[in-house]
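Protein chains in written order, with the numbering used here: chain D, 1 to 288; chain U, 1 to 244; chain X, 1 to 288.
Accuracy of the hints is not assured; some may be wrong.
[Claimed, not checked] Just a few of them, taken from the derived set where beta-carbon distance is under 8 Å, the chain D residues facing chain U: (1) Ile152; (2) Asn154; (3) Ser155; (4) Ser156; (5) Gln172; (6) Phe174; (7) Lys177; (8) Tyr286.
Simulated from the structure, these hints should not be mistaken for lab results.
Treat the numbers as computed from the prediction; the structure is a model and nothing was measured.
Yeah, the Cβ is synthetic: ideal placement off N, Cα and C, and Gly gets one too.
If you want the building blocks of each chain, they are given just below.
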Amino acid sequence: MEYLIHLGILFTIYAILGISLNLVIGYTGLLSLTHAAFYGIGAYTTAILLTQTGIGFFLSVILGIIFVGIVSFLIGIVLSRFSDDYYALGSLGLNMIIFSIFLNWQSLTKGPLGILGISRPELFGINFSSNFMFLILTLLFLILTYLVARFIVNSSFGRVLKTIREDEKAIQVFGYKTFYFKLAIFVISAAMAAVAGSLFASYITFIDPSSFALMESIFIVAIIILGGLADLRGSILGALFLILLPEVLRFVGFPSEIAAQMRQVVYGVILILLMLYRPQGLIGEYKL
Amino acid sequence: MTILETRNLIKRFGGVHAVDHLSIEVEKGRINGIIGPNGSGKTTLINLLSGMLAMDGGEIIIDDVQKFTQMFPHQVFFYGIARTFQNVRLFEQMTVLDNILVILTKRNVFSSLFEKHTEYHLKKAEEVLQRVDLWKKKNQLAINLSYGQRKLLEIARALVTDAEIYLLDESFTGLFPEMRKIVSNIICELKQENKTVILIEHDMGLIRELCDYIFVMNEGKLLVEGKPNYVLEGKEVIEAYLGK
Amino acid sequence: MEIFSQLIFNSIIAGAVYALIALGFNLIYGATKFLNLAHGVMTAIGGYTVFYFTKTLDWNIYLAVIIGILFAGLIGFSLDKFVYFPLRKRKASNMVLLVASFGAFTAIQAIIAILFNSRFQTLSQNTSAQKSFEIFGGVITQTQLIILASAALIMTGLVLLLHKTRFGKAIKAISDDEEVAKIVGINTNKIIGYVFFIGSAIAGFAGILVGFDTGIEPTMGLDLLFKGVIASIVGGIGNLYGGVLGAFLLGFVENFGIWKISGDWKDAIAFALLIVFLIFRPRGIMNK
Numbered sequence: 001m002e003y004l005i006h007l008g009i010l011f012t013i014y015a016i017l018g019i020s021l022n023l024v025i026g027y028t029g030l031l032s033l034t035h036a037a038f039y040g041i042g043a044y045t046t047a048i049l050l051t052q053t054g055i056g057f058f059l060s061v062i063l064g065i066i067f068v069g070i071v072s073f074l075i076g077i078v079l080s081r082f083s084d085d086y087y088a089l090g091s092l093g094l095n096m097i098i099f100s101i102f103l104n105w106q107s108l109t110k111g112p113l114g115i116l117g118i119s120r121p122e123l124f125g126i127n128f129s130s131n132f133m134f135l136i137l138t139l140l141f142l143i144l145t146y147l148v149a150r151f152i153v154n155s156s157f158g159r160v161l162k163t164i165r166e167d168e169k170a171i172q173v174f175g176y177k178t179f180y181f182k183l184a185i186f187v188i189s190a191a192m193a194a195v196a197g198s199l200f201a202s203y204i205t206f207i208d209p210s211s212f213a214l215m216e217s218i219f220i221v222a223i224i225i226l227g228g229l230a231d232l233r234g235s236i237l238g239a240l241f242l243i244l245l246p247e248v249l250r251f252v253g254f255p256s257e258i259a260a261q262m263r264q265v266v267y268g269v270i271l272i273l274l275m276l277y278r279p280q281g282l283i284g285e286y287k288l
Numbered sequence: 001m002t003i004l005e006t007r008n009l010i011k012r013f014g015g016v017h018a019v020d021h022l023s024i025e026v027e028k029g030r031i032n033g034i035i036g037p038n039g040s041g042k043t044t045l046i047n048l049l050s051g052m053l054a055m056d057g058g059e060i061i062i063d064d065v066q067k068f069t070q071m072f073p074h075q076v077f078f079y080g081i082a083r084t085f086q087n088v089r090l091f092e093q094m095t096v097l098d099n100i101l102v103i104l105t106k107r108n109v110f111s112s113l114f115e116k117h118t119e120y121h122l123k124k125a126e127e128v129l130q131r132v133d134l135w136k137k138k139n140q141l142a143i144n145l146s147y148g149q150r151k152l153l154e155i156a157r158a159l160v161t162d163a164e165i166y167l168l169d170e171s172f173t174g175l176f177p178e179m180r181k182i183v184s185n186i187i188c189e190l191k192q193e194n195k196t197v198i199l200i201e202h203d204m205g206l207i208r209e210l211c212d213y214i215f216v217m218n219e220g221k222l223l224v225e226g227k228p229n230y231v232l233e234g235k236e237v238i239e240a241y242l243g244k
Numbered sequence: 001m002e003i004f005s006q007l008i009f010n011s012i013i014a015g016a017v018y019a020l021i022a023l024g025f026n027l028i029y030g031a032t033k034f035l036n037l038a039h040g041v042m043t044a045i046g047g048y049t050v051f052y053f054t055k056t057l058d059w060n061i062y063l064a065v066i067i068g069i070l071f072a073g074l075i076g077f078s079l080d081k082f083v084y085f086p087l088r089k090r091k092a093s094n095m096v097l098l099v100a101s102f103g104a105f106t107a108i109q110a111i112i113a114i115l116f117n118s119r120f121q122t123l124s125q126n127t128s129a130q131k132s133f134e135i136f137g138g139v140i141t142q143t144q145l146i147i148l149a150s151a152a153l154i155m156t157g158l159v160l161l162l163h164k165t166r167f168g169k170a171i172k173a174i175s176d177d178e179e180v181a182k183i184v185g186i187n188t189n190k191i192i193g194y195v196f197f198i199g200s201a202i203a204g205f206a207g208i209l210v211g212f213d214t215g216i217e218p219t220m221g222l223d224l225l226f227k228g229v230i231a232s233i234v235g236g237i238g239n240l241y242g243g244v245l246g247a248f249l250l251g252f253v254e255n256f257g258i259w260k261i262s263g264d265w266k267d268a269i270a271f272a273l274l275i276v277f278l279i280f281r282p283r284g285i286m287n288k
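Chain D extracted, bound-state conformation (with noise of 0.2 Å):
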């Protein structure tokens, strides 16, 4: 039953995770490989708050929301003169130099040694230091998420957001400035991100640069891919198999060692049988 609980947080903060990142990617059709990075922003602002000052875990948050939007609103401002693939490489090479100061920057982060006893949340008297009320705590941003995630994308920004994905020219000359819109979504989405990484950070009680590498950003894009891209649901979806699937290949019987490599293995193939044969995902509707 722990264990459930356990693969339940996890769940759920890939979850959001995915929803924000599609956001960018689904929505906006812009390949962010930046994501990881926000969401160890997020992480690494609630750790060194937690363990360094008396402020607590909620306040960390709003913290971590800020600074992440204001990290990701400079870093939007140089991405969101791009698209496709330049856009996919200038991200990625953001989210390389980013974990490049979670490794390096040891004073502040502790570089590879990671952050140690980073405390569970209490507020107004309830304690969420047992994992089920935590997994009530994550499902609740995680809902949370989701209708912010729903109402931007009902509105006329959320409509204007797919034209940019699907002919950026296009609706300029319809007078959209798209810079700003793609700037706004991006802010957002890693907005979000962090939000994720703080619960992370809470949960785990000890982070390291790892959790937030490149190939962390690849999970999720992985997740909202297979969901679907543009579908909110199909980010739940994508994220509740993504986090189940090395639980089947630990069922099959991989030693550990093996089965992390499996599981890249089994992204990767799923990642080229996608694009190959379902585009849309399992159960989006929109074709990269």
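Following the hints, complete the assembly by docking chains U and X onto the known chain D.
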């Protein structure tokens, strides 16, 4: 009254002058035809007028007062210019209705975030989609429409901007007769509303029937301009098309 | 002075390796116009093939190198045949191809890790006995001299191939406009298949050289891929000479960048160079 003017407009691709010191004046309320052989710079001109291409020299003047030596695509809408594309550019994986609604909603990032389309928007969209006979297809994806329907949807998308100047790039090409009728009716209605149309077209019959004024381009330059009867009889045009 | 000449040597050697990666990458980009991220893993394929034939089967080292190069080429060729070609045929977007190529990258890298293990290993028989030369106070090893010589050889060979043969002219025609090339009777798919073979083989060779110089690990491809991609973008993507120029520029910037700070920042510096170019000159040095 001149609503749109170019002065010494230049666009180069590599060493080739696609538009070469072109100066034209477009009168308000007229249907203007642009003709010329392939590669004479017609579409490049439209792309310059709509900010899709950066100019290499010269200027564009709108309403006699607004001078541009550089024009960005997102500006042209606010100066009352709308266009269609030679190779149809719709928002393919969106519904017909969404293709229209996006033109009607707010341009500002923050206000659009807190805006949803209303009955008013829907009514406007219905009006224009009825005109091109696509209202019954409103929930289909644009990508699934027939070629002719796609061209019509593009025209509807331009119409719904309520612009002053319409740049139509080969809007008749590949259409069935009944669709051609719809398009020519729309163009005539625009003229009655005192709007300006700039039309690229190869069908000389249509040009003669619709246009009040014609610009003939060749190798990026203005070859001759004038009323259809005058221009189409002229030997310059025949030479440009058929060679000497 | 010693440090200075050593840095220059290091820059040139790094530049030569990056140039080899960039050459293949640009060749493929020129012909297909998509960023083939799987290109990076060809280095690991080359490296590990040599590792297998020399260390496990104890074959002759030169034979093993040739097999390694051919095998990398073959994998690149097969990827085109079974993944990219079907996608190109149905006119999939560059993004689809990019995602598929990254899927291939992830899967192949993990398969290598399963077959061999993730440890860092060297290809050279006896590192301490390696001959080295001292020039202007800097040290350069025999392997590194071989790297420089063979890189120069391959670049010259490639230039001759492209300019002096019909095959080269066909590649150029495809790079300029694939449709037109088809019309004038070039079998574009066959030529593109060969391009993948040649590009991947060169990358495999680069991986083998790195394996002799420092060593191999399954994840080596990612780092080398990025360096190759950065070199290509800095120099001008799709432009072979630009790629070589960019590679050496990257080599110098990266090595001199860490003159006064910790070597851990090398990657961050490389990506910072990428971002600087993306902001100020996204088309690279050579492209207009």
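Residue hint Tyr286(D), partner chain U, criterion CB-CB below 8 Å: With Cβ-Cβ at 5 Å, under 8 Å, it holds.
When the least beta-carbon distance from Ile152(D) to chain U is tested against 8 Å, hint result: holds, 7 Å
Hint status (Cβ of Gln172(D) to nearest Cβ of chain U, threshold 8 Å): holds, 4 Å
Chain U contact restraint on Ser155(D) - CB to CB distance below 8 Å: Holds. Min distance 6 Å.
Closest C-beta approach of Ser156(D) to chain U relative to 8 Å, hint status: holds, 4 Å
Minimum beta-carbon distance criterion (8 Å), Phe174(D) to chain U: holds, 5 Å
Chain U contact restraint for Asn154(D) - C-beta distance below 8 Å: holds, 7 Å
Minimum beta-carbon distance criterion (8 Å), Lys177(D) to chain U: Where the cut-off is 8 Å and the nearest Cβ of chain U is about 5 Å from Lys177(D), the hint holds.
Violated hints: none; the structure is consistent with every hint.
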